[in-house]
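Chemist: Chain by chain, the residues run as shown.
4 protein chains.
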Amino acid sequence: MFHSIVSAQEPMMGILIATGDRSSTLCSFQRNNRKGTNMSKWMQEWSTEAVGPHKLKIAERKVPEIGERDVLVRTTAVSLNYRDKLILESGMGLELTFPFVPASDMSGVVDAVGKGVTGFKPGDRVISTFAPGWLDGLRPGNGRTPAYDTLGGVHPGLLSEYVAFPEDWFVPAPKSLDAAEASTLPCAGLTAWFALIEKGQLKPGDRVVVQGTGGVALFGLQIAKAAGAEVIVTSSSREKLEKALALGADHGINRLSEDWVERVYALTDDHGADHILEIAGGAALGQSLKAVAPDGRISVIGVLEGFEVSGPVAPLLLKSPVLQGISVGHRRALEDLVDAVDRLHLKPVIDRRYKFTEAREALAHLDRGPFGKVVIEF
Amino acid sequence: MFHSIVSAQEPMMGILIATGDRSSTLCSFQRNNRKGTNMSKWMQEWSTEAVGPHKLKIAERKVPEIGERDVLVRTTAVSLNYRDKLILESGMGLELTFPFVPASDMSGVVDAVGKGVTGFKPGDRVISTFAPGWLDGLRPGNGRTPAYDTLGGVHPGLLSEYVAFPEDWFVPAPKSLDAAEASTLPCAGLTAWFALIEKGQLKPGDRVVVQGTGGVALFGLQIAKAAGAEVIVTSSSREKLEKALALGADHGINRLSEDWVERVYALTDDHGADHILEIAGGAALGQSLKAVAPDGRISVIGVLEGFEVSGPVAPLLLKSPVLQGISVGHRRALEDLVDAVDRLHLKPVIDRRYKFTEAREALAHLDRGPFGKVVIEF
Amino acid sequence: MFHSIVSAQEPMMGILIATGDRSSTLCSFQRNNRKGTNMSKWMQEWSTEAVGPHKLKIAERKVPEIGERDVLVRTTAVSLNYRDKLILESGMGLELTFPFVPASDMSGVVDAVGKGVTGFKPGDRVISTFAPGWLDGLRPGNGRTPAYDTLGGVHPGLLSEYVAFPEDWFVPAPKSLDAAEASTLPCAGLTAWFALIEKGQLKPGDRVVVQGTGGVALFGLQIAKAAGAEVIVTSSSREKLEKALALGADHGINRLSEDWVERVYALTDDHGADHILEIAGGAALGQSLKAVAPDGRISVIGVLEGFEVSGPVAPLLLKSPVLQGISVGHRRALEDLVDAVDRLHLKPVIDRRYKFTEAREALAHLDRGPFGKVVIEF
Amino acid sequence: MFHSIVSAQEPMMGILIATGDRSSTLCSFQRNNRKGTNMSKWMQEWSTEAVGPHKLKIAERKVPEIGERDVLVRTTAVSLNYRDKLILESGMGLELTFPFVPASDMSGVVDAVGKGVTGFKPGDRVISTFAPGWLDGLRPGNGRTPAYDTLGGVHPGLLSEYVAFPEDWFVPAPKSLDAAEASTLPCAGLTAWFALIEKGQLKPGDRVVVQGTGGVALFGLQIAKAAGAEVIVTSSSREKLEKALALGADHGINRLSEDWVERVYALTDDHGADHILEIAGGAALGQSLKAVAPDGRISVIGVLEGFEVSGPVAPLLLKSPVLQGISVGHRRALEDLVDAVDRLHLKPVIDRRYKFTEAREALAHLDRGPFGKVVIEF
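Residue numbers (my numbering), protein chains in the order written: chain A, 1 to 378; chain B, 1001 to 1378; chain C, 2001 to 2378; chain D, 3001 to 3378.
A portion of the hints provided could be inaccurate.
To be verified - A short list of chain C residues far from chain A (calculated; beta carbon distances all over 10 Å): (1) Lys2055; (2) Lys2203; (3) Lys2243; (4) Gly2248; (5) Glu2361.
Claimed, not checked - As a list, the in silico BS3-like pairs of lysine-lysine whose alpha-carbon atoms are at most 30 Å apart: (6) Lys1062(B) - Lys2199(C); (7) Lys2225(C) - Lys243(A); (8) Lys3085(D) - Lys3057(D); (9) Lys2243(C) - Lys2199(C); (10) Lys225(A) - Lys2347(C); (11) Lys225(A) - Lys2243(C); (12) Lys3041(D) - Lys115(A); (13) Lys347(A) - Lys2347(C); (14) Lys3199(D) - Lys3225(D); (15) Lys1115(B) - Lys1199(B); (16) Lys1115(B) - Lys2062(C); (17) Lys3225(D) - Lys1347(B); (18) Lys1347(B) - Lys1175(B); (19) Lys1085(B) - Lys1355(B); (20) Lys3085(D) - Lys3199(D); (21) Lys1355(B) - Lys1055(B).
Calculated from the structure, these hints are not laboratory results. In this text, a Cβ means the ideal position worked out from N, Cα and C, and glycines have one as well.
With the hints as extra help, turn the sequences into a complete structure.
Modeler: Below, the structure written as structure tokens:
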């Protein structure tokens, strides 16, 4: 996801480098904590001293000290996103602090809490939030400087045995998932949920097109099915389509051998798709504009093909679809997702689990187009 | 508006040529009526026998006969849209019936009603609806074939002394406007209203950017002000900006001499625009994506620059604006607009009024970028 | 449902007697058709010459003639609502036309179509719409005179071998249901759908309380489960609760032996219900106000206990729930429900099927609190 | 407002006494701060040692100490609500801490900030938030225990020369208002805004009925006018109606001499009111249900007549209005209101300004039905 951001031209850089006042303060506040030594305990973490491939290594650090409102969490699993790899390799234009620890999504167990903490106690299972400080409602940031202060970016990452953050940077983990599964919710799970449910208000019987079989896509498939939708998955791999059908997809379209827009018309009696999870981006958006139903919705959740989106204006005007970029979501929606996961017994799809020492292999796996998520277990 | 549609490539043509079953039937039903002769009365109308410039001429026809649910209306004014000119010159890929009468927006006085008509009586002042059959809620059509059966296109046009249509193709005219002013509501007025109010749910204090000073733009300015918004108008003409300020705009930005995105940041303390009425289209959309506030809204209401829209993906993802094409709106929203016009004393801006015999001069005026609307009075 | 309306006091009567201009015209238009004789074919129907119990009898009538936009439908099943019984017994303050044919919900097969009909052809399976003329969007009527022009009320009823109405009074029947099942959608099915989906925008993981096990309640249970909700059913019958659990309810609460509000708190970790389908009404609303979650929703869909609703103001203010009366819904939502039924294989629950000749027994069954619907097959 | 809460019966008490975990911690955290003495500076405040009338007196206290994230604010004005009087006289069932300082709405100037504060600096003009901790989106609390942890209630009040709270308990004051005017926004202003704009999404041309001429009502009048609505004010005082008309109301209805529902029908051509700000409560709600338009909205914002609301079920079902209790709103909406106030030059209506030493006279004024707000200037 967020491929475009790697080598974004100068004007986009401005957008990505900047951070809201409030969050950057939280961040420096946190960085001080990480240098704390009061617990006199040592831990291991993956970090790098500079941007560029092949620099990541395991280092020993003191376990971070916690402030009054902070929670110390022992990491049990970290889920990787393609963005983690891009930041390590290019920096993505973000103002990183070195040594830089990657990764934004984790699950863990509360080890200690500050005296002002009311929501958690030692032993609680938790997961992280991708965009700390965005609790509910409208997103932070402004028109000139959108907020992009995420963990494993402007804020420190999580590929570490212990992390310490303010309590509202965590939510309770779902009871029905193991650590590895739970760690996949903060970014991939929430992105699909935010697009389809929080913003998309999917209803039973809606036709949903999910493009691809990556982490967000498979969450999209599972969440859409849970909401009573009919789900069409597109992929360039027959094998992945078969797995998607086994997961509950109603239809699979092979993008290599079929015109997917025509197939969507055929599968829906020309109605088109009520909702499209658009991942390819670029000029591919034009196909989605053709496939969408009148008054439908296209959620652009990432871009694999270049740094622009483009499409024909006629279907945009005549079908009046809502086109909305989705970058993850707020804390309250993550709580909703956790509740839904437990109640509906949703099982995130993990392509492969790696050990803590195999972080480099896990990152390399991302280039091979995993079916679902790649997770590191601690 | 709808510039792109003129020379749309083949695949788009498919979209524009097609019409929904129901409307095309209404249409042929109507065409038969137009050939009726029971009233034995003659009238004049502008029509053409073929697509191409300079073919429009005044012809004599029998006043149309009305069916059980139809209303015969004596036209008092017709408001022109750029689209009328494009259809006359190129056909816009639509399946027109010849002789073809142009124009989609009118006001008039009910002359006679069919025996099944309950909503109107002779003497009532009425205006037409742009997309007959779309009464409320979701738009007709489907993903493959969006509905585009409008008056002065798939359906007959209105540049005629009398027209006869089913009663729900009309709504009562506003009491506070004269015939020429009232005729501007069905397309230009409703487009702005649908974008800002029905879909945009503008609230007091919102910052709205209106691009240009054409018919839709000036309605956008007036409606946004009526809703308590702060309005920024962009134009390449200093004179038009001054007129827009006189009409109530809070700020004017000269697109030729200023970087309008930077000016929007400056005028809004970097907040950006909560709503942008995007008219230029094409790559200009990229500027709107930069200028929009997080969680803001961009209504694409027409395209002057080519047949594509395109823009950078970073602000689309990070600010998560809603981008929506708007092509006019439904009958119920037109009734809402009429009510609001009367209650708020909104006065549509007419650049120049022409006589019935001056239709060709009026159409030519559209090429000169009118400030507001161009109207033909009968 | 609508129990209160039986002996509504004078001011309510005013509301119920009145009808919108348009619909009443459609209605008289239709009544004339019923007296038509062009088809020279006879049929049987249940009708009554006066309000009052025990007056319903089978009569022979000519099959109705159809107008240009009408569809003649051969009835295959009629589903009963408690309201049908109330109208027969009391008139419910409505201006009925005698001989009066009862019932508002049917399925059938198109027998003939008028020459202006475009949406149906002979042989098509259809179901009726409860509130003809309300196609989409906002409901008709005004503040003084709400619309209540339904079939089997102001409009003629359906307990007849053939009926003829304008084509948009019907929608295509679901392919996956038999005639009896399909006939249950227009009122009971649509009411639950409109409350939970169209207005309620239920999301996966929401907690829904469904009060009772009548027709609307069981549709509520099935639709809420299809949308991924957790469903709690309340009933005063242990046997019915067991059947509801077998149908998919997550929890059953026996209102006789348990404090249902406390049980809802217990089942939801004090969260409360995100949505309550409130059927009992009267002072029972107070219990729903206690059980509802903050920002939750209470849909009042009928009233068994008196003609008033009342409740404490503290939870209304402090939890800020939306309380909304729901009386069926529009045609477009019925089409959505039909689509969802087919795609999700929802099977309406029919307590018992009667023959055409057993209409009186079927009506009597309504007094015994059926589990789901009572249907008459033709 | 919130009259009902005074002598609420036992079950409601439970609701009002309880507070969410998080807020009660913030609260005790704050209480400790108040006892801080590090600034060695003394101030005056109004407080009481026990519930009951006539116990309020001026006391000397140390200026509170601030924590890392806190802001110390020098109070410049406090706006009173009827609720302040009720809490002083009865406790309203809340778990108060003594000495108890009353009042929930203030404006002031930042005097000092903790080292972790990023949003404010000394000299900034600020106003308080009524429900601290509710930043945006869904309200805190749960079904069993709604959140009611407000300033001047569960949290300390503001009738004090200095107060210290976490920074997000304040928002920047509007630039265009003086201290007294600004102090009226946090409760009365926000309640009207939240009902009409945030939840009600008022649009130009809507018909709004505002009941009465108290603080919330006059904000309702001004905000609705700013949003382009037509406003009808009801009152039992001819003099107050004249003042409301002078403020911009379109129509005034004297509740003593006229049937207000019939007048609303007459003024709206039977359409009814699109939005009603319902303040009287009790059985008066029944009148609002009659006056509301189909698909309209009734915001219950307070109750003068008893502890119940009740109304007839027929209009609730047939017109399907949304009925929603509104208790103030979140911080983000308060920021929106502040922006709108500045941009639209809204001037809150203050019936009378009192000096700090006249707090008892100011509270007594509340019983005499002020026209707008009663404010104490420091």
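Chemist: Next step is simple, just say for each hint if it's right about the structure.
Modeler: Evaluated hints:
{"no.": "1", "hint": "Lys2055", "result": "holds, 42 Å"}
{"no.": "2", "hint": "Lys2203", "result": "violated, 5 Å"}
{"no.": "3", "hint": "Lys2243", "result": "holds, 22 Å"}
{"no.": "4", "hint": "Gly2248", "result": "holds, 13 Å"}
{"no.": "5", "hint": "Glu2361", "result": "holds, 35 Å"}
{"no.": "6", "hint": "Lys1062(B) - Lys2199(C)", "result": "violated, 49 Å"}
{"no.": "7", "hint": "Lys2225(C) - Lys243(A)", "result": "holds, 25 Å"}
{"no.": "8", "hint": "Lys3085(D) - Lys3057(D)", "result": "holds, 14 Å"}
{"no.": "9", "hint": "Lys2243(C) - Lys2199(C)", "result": "holds, 28 Å"}
{"no.": "10", "hint": "Lys225(A) - Lys2347(C)", "result": "holds, 18 Å"}
{"no.": "11", "hint": "Lys225(A) - Lys2243(C)", "result": "holds, 25 Å"}
{"no.": "12", "hint": "Lys3041(D) - Lys115(A)", "result": "holds, 28 Å"}
{"no.": "13", "hint": "Lys347(A) - Lys2347(C)", "result": "holds, 27 Å"}
{"no.": "14", "hint": "Lys3199(D) - Lys3225(D)", "result": "holds, 17 Å"}
{"no.": "15", "hint": "Lys1115(B) - Lys1199(B)", "result": "violated, 37 Å"}
{"no.": "16", "hint": "Lys1115(B) - Lys2062(C)", "result": "holds, 25 Å"}
{"no.": "17", "hint": "Lys3225(D) - Lys1347(B)", "result": "holds, 18 Å"}
{"no.": "18", "hint": "Lys1347(B) - Lys1175(B)", "result": "holds, 12 Å"}
{"no.": "19", "hint": "Lys1085(B) - Lys1355(B)", "result": "holds, 17 Å"}
{"no.": "20", "hint": "Lys3085(D) - Lys3199(D)", "result": "holds, 28 Å"}
{"no.": "21", "hint": "Lys1355(B) - Lys1055(B)", "result": "holds, 19 Å"}
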